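Enquirer: Following the hints, put chain B in place on chain A, whose structure we already have.
Protein chains: 2
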Amino acid sequence: MTKNNEQLSLEVAALTRKTKELGIPIMIVFEGVPASGKTRLSNELLLTLDAKYTHFVPMKSPSEDDLRYQFLQKYWNSLPSKGDINIYFRSWYAYYIEYQANKIKHSIYNKYHALRRQIKDFEAMVQDDGYEIIKFYIEISDKKRKEHLKEMKENPLTSWKAQEYESAINDDVYHKEMHKILKASPDEWEIIDYTEREEAINLMYKHIIDRLNNAIRLHKKKDKVIDGDFTEEFKTDLFDQSIDKVSKKTYKSLIGDLQDRLKELQFALYERKIPLILVYEGMDAAGKGGNIKRVREKLDPTGYEVNAISAPTDVELNHHYLWRFAKDMPRSGHIEIFDRSWYGRVLVERVEGFATKKEWKRAYEEINQFEKMWTDEGAIILKFFLTLDKDEQLRRFKEREETPEKQWKITDEDWRNREKWDQYIEASHDMIKFTNTDHAPWLVVPADNKKSARIEVIKYIIKKCEEVLWGVKQY
Amino acid sequence: MTKNNEQLSLEVAALTRKTKELGIPIMIVFEGVPASGKTRLSNELLLTLDAKYTHFVPMKSPSEDDLRYQFLQKYWNSLPSKGDINIYFRSWYAYYIEYQANKIKHSIYNKYHALRRQIKDFEAMVQDDGYEIIKFYIEISDKKRKEHLKEMKENPLTSWKAQEYESAINDDVYHKEMHKILKASPDEWEIIDYTEREEAINLMYKHIIDRLNNAIRLHKKKDKVIDGDFTEEFKTDLFDQSIDKVSKKTYKSLIGDLQDRLKELQFALYERKIPLILVYEGMDAAGKGGNIKRVREKLDPTGYEVNAISAPTDVELNHHYLWRFAKDMPRSGHIEIFDRSWYGRVLVERVEGFATKKEWKRAYEEINQFEKMWTDEGAIILKFFLTLDKDEQLRRFKEREETPEKQWKITDEDWRNREKWDQYIEASHDMIKFTNTDHAPWLVVPADNKKSARIEVIKYIIKKCEEVLWGVKQY
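Read top to bottom, the protein sequences are chains A and B.
The numbering used here puts the first sequence at residues 179 to 653.
The numbering used here puts the second sequence at residues 179 to 653.
In isolation and in its complexed conformation, chain A is listed as follows (with noise of 0.2 Å):
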């Protein structure tokens, strides 16, 4: 017995609370040229899901802030959370076809080649984290089509609407570039013809049914195992490196002038749109704050923000783990300073047994990737590990117990994290191993003198900072 259509609605209300109970997060894309009947297919389906967990996303042209940002950016930012629905009217599909179409950023993003490879990549990570992805693109009869067309057109209060949305792409073009990706990946997708409407609401449901219960299916049988991984008494010399140690003469002679020069690279960068992305991660004491102090004392505050990281919200916990960095990452010229970032999955989370094993280890290819989407459009990314020997942390501990106006800075998480010693450094020396890729590298810093570590640390990005700037090595 076939299901009429006000059944299979009501089957995939029903399926929906199942996934929101259990926390799914949907993602539901709809392409299709102009007049074919998306707006009228979305539509029913978005009369038929709780409005309470159900977002319409329609896509719009890159605004001239939008293009001050990663490509995929609003798409990062609009995210759903677990259990929600997002319904893309157009999505990243359609803003690719239109940087296309329109030549933004053609040079960088080399026939852009490098936007397929985030999109795919960006899926990839999502529903790697359990997120479903459905695609409908739909097809309508030339006939049909013209007659919509028509309708739209004669009636004055419709015929803006083709321009809101999408007078930025030409339809031949979509066209075309669409049944390319159609063509090289015929199983993502599901081809909807809108010609008999009863017909294709049907096929919709149908299909979102199957997606569903799959989800649901493969839902259950998630990965529970938590396991750090850890090898028993793991040795490296990765973190016993030195660095020239600074007199206090020298370090009062050269601080001054480092960051002034760092400030002119604030506004050089500024000029040519280069956003600056620093990440700090490092051993408890290891100074990180006085670090970043020193990093941005001169900078103007106007062009840089320090994101220090806490424990997340229940609204950060319940999105992909790397939205909450994501949105706030900066936009062209800019600079964002993250004191620890995402690499909490492989080093907090990984010890702490916060994410699964297949979880953490999963994110190393994801977290190079993720870096890359901004490097990409010309980001620099940094990355310091600083590193201390674990004597020169218990006298630092110690020290803050002792000090009344440091004592803030000491709590008993940071005793239960130095028990841990070996598998953070175990942790550290995987993560620094898996991710020191050429377009995001690491500075090992040795900490154990605070100054000099300072000093490396503004050397280096000055240095990493000219040479993009004028391609030589100045300092």
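Treat the hints as calculated values from the structure; they're not laboratory data.
Honestly, I wouldn't trust all of these hints.
No copy labels: a pair is met if it fits in one copy or bridges any two.
To be verified - Simulated pairs of lysine-lysine, DSS-like, Cα-Cα distance not exceeding 25 Å:
#  : residue 1 : residue 2
1  : 321       : 281
2  : 451       : 252
3  : 181       : 471
4  : 451       : 238
5  : 260       : 505
6  : 641       : 628
7  : 641       : 550
8  : 354       : 331
9  : 198       : 505
10 : 550       : 587
11 : 230       : 505
12 : 384       : 230
13 : 384       : 584
14 : 471       : 451
From a predicted model like this one, the values you see are computed outputs, not experimental measurements.
Expert: Structure of chain B alone, referenced to chain A:
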């Protein structure tokens, strides 16, 4: 013994750790003409504060996108959460002056009286909620200022700077308008002369220390008494209204045409850039969801959003109660439908004791002011209260329990709310009494007959939109 600036800086740092702990949000405003030293001064403060909970918010000239939103929209969006600190590098004051100087939406704002009132209301609302606002106006001797300017202009790396944040406002206009503001409320502002840097820093820290100490003292005295203030056996005939009951046949012949008309009006509002805000409140099982579904059924989904309000997240609880609604208000020409709304403050929060008596009593006026901010700019706000006979509610509850596909709609909470029927009636009565304004009226809709209620609401929306669009009652 006078303390030096280093000591004062440590004191400010310690006090802000205290305000963080207590959850007091702080907003620090820096206004001043260009090259007055407000960058240097605000930077000094920024370096003193903990980056974990401090945000630097530079004023930017309104972009085209900004102009599609309410004047204070971005200040609502960026409100600090409890315990956090925002430093405004130029604030809503400079933003206001820029609206003036560039004659933005001049005709709407009635010579900008409306904006000044909005600023006053906005500050009062957040202050009443425990936000501490500290406002600095930075001055400098002409001689020093000219030196600063010369420095900035001579350095090719900084000459763009004045442009980015300040070019849109003429210095003289800014100076003149700010002095009117300072004169009108001298007690609210701390004027600091930056001619002598160390002295200026000293004054800034001392003022902040005074204000933070004061805020901490007031916080401790905070009203904690919870009392819904209900009358024994409250009676009102406000909800004993009747509407024409439509037959099934009439409903069927009417509803489609009304929906078509609504869709046309959606496009007309879009063209005229008028936002429409629909607010639904009412008793449980009164049929809000079904009513909303009929309103939206034929609307273009790219032009409206439904915001179905659930219990607040922890992030929302950490902000002013209006924040979560303010940030979802529609941009020009769009429709936002709230399924439950900010009126929760005077309904569920009053009945359940989630808000103190002081808080919910104050909320009527706050909500009127809040809604006025949007209607000031031409938004249409229509509010519907769906009422139900107590016996009819019981019948619907039981029907939901007995119908498998409706069971998810009925929860223990519904039964608990029903026990407080009289209290909800009194709270609803007071709500309508105190917030039924000309700019945002309530319509009480008897919903014992769902179909009649739907026709009633849609007709009312059509009538009100037509009045605004064409100034005549056409229906």
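Enquirer: All hints are to be evaluated individually against the structure, with a verdict given for each.
Expert: Status of each hint after checking the structure:
With identical chains, the CA atoms of residue 321 and residue 281 are never at most 25 Å apart, being 32 Å at best within one copy and 50 Å at best between copies. Taking identical chains as interchangeable, the C-alpha atoms of residue 451 and residue 252 lie at most 25 Å apart whether they share a chain (19 Å) or sit on different chains (24 Å). For the identical chains of this complex, residue 181 and residue 471 are inter-copy neighbours only, at 23 Å across copies versus 65 Å inside a copy, given an alpha-carbon limit of 25 Å. For a Cα distance limit of 25 Å, the shortest separation of residue 451 from residue 238 qualifies both inside one copy, at 23 Å, and across copies, at 17 Å.
Both within a single protomer and between protomers do residue 260 and residue 505 lie at most 25 Å apart by alpha-carbon distance, with minima of 17 Å and 21 Å respectively. Taking identical chains as interchangeable, the C-alpha atoms of residue 641 and residue 628 lie at most 25 Å apart only when both belong to the same chain, with a minimum of 20 Å there against 71 Å between chains. Proximity of residue 641 and residue 550 under a CA criterion of 25 Å is satisfied intra-copy only: 21 Å inside one chain copy versus 54 Å between copies. Taking the closest pair of Cα atoms, residue 354 and residue 331 come within 25 Å of each other only inside a single copy of the chain (24 Å); across copies the shortest separation is 51 Å, beyond that limit.
For the identical chains of this complex, residue 198 and residue 505 are neighbours both inside a copy (24 Å) and across copies (24 Å), given an alpha-carbon limit of 25 Å. Neither within a single protomer nor between protomers do residue 550 and residue 587 lie at most 25 Å apart by alpha-carbon distance, with minima of 34 Å and 46 Å respectively. In this homomeric assembly, residue 230 and residue 505 come within 25 Å of each other (Cα to Cα) both inside a single copy, at 23 Å, and across copies, at 16 Å. In the homo-oligomer, the alpha carbons of residue 384 and residue 230 lie at most 25 Å apart inside one protomer (23 Å), although the nearest pairing across protomers, at 48 Å, exceeds that limit.
Taking the closest pair of Cα atoms, residue 384 and residue 584 come within 25 Å of each other only across two copies (22 Å); inside a single copy the shortest separation is 62 Å, beyond that limit. Only within a single protomer do residue 471 and residue 451 lie at most 25 Å apart by alpha-carbon distance; the minimum there is 24 Å, versus 46 Å between protomers.
In terms of the numbered hints stated before, the structure departs from hints 1, 10, listed from lowest to highest.
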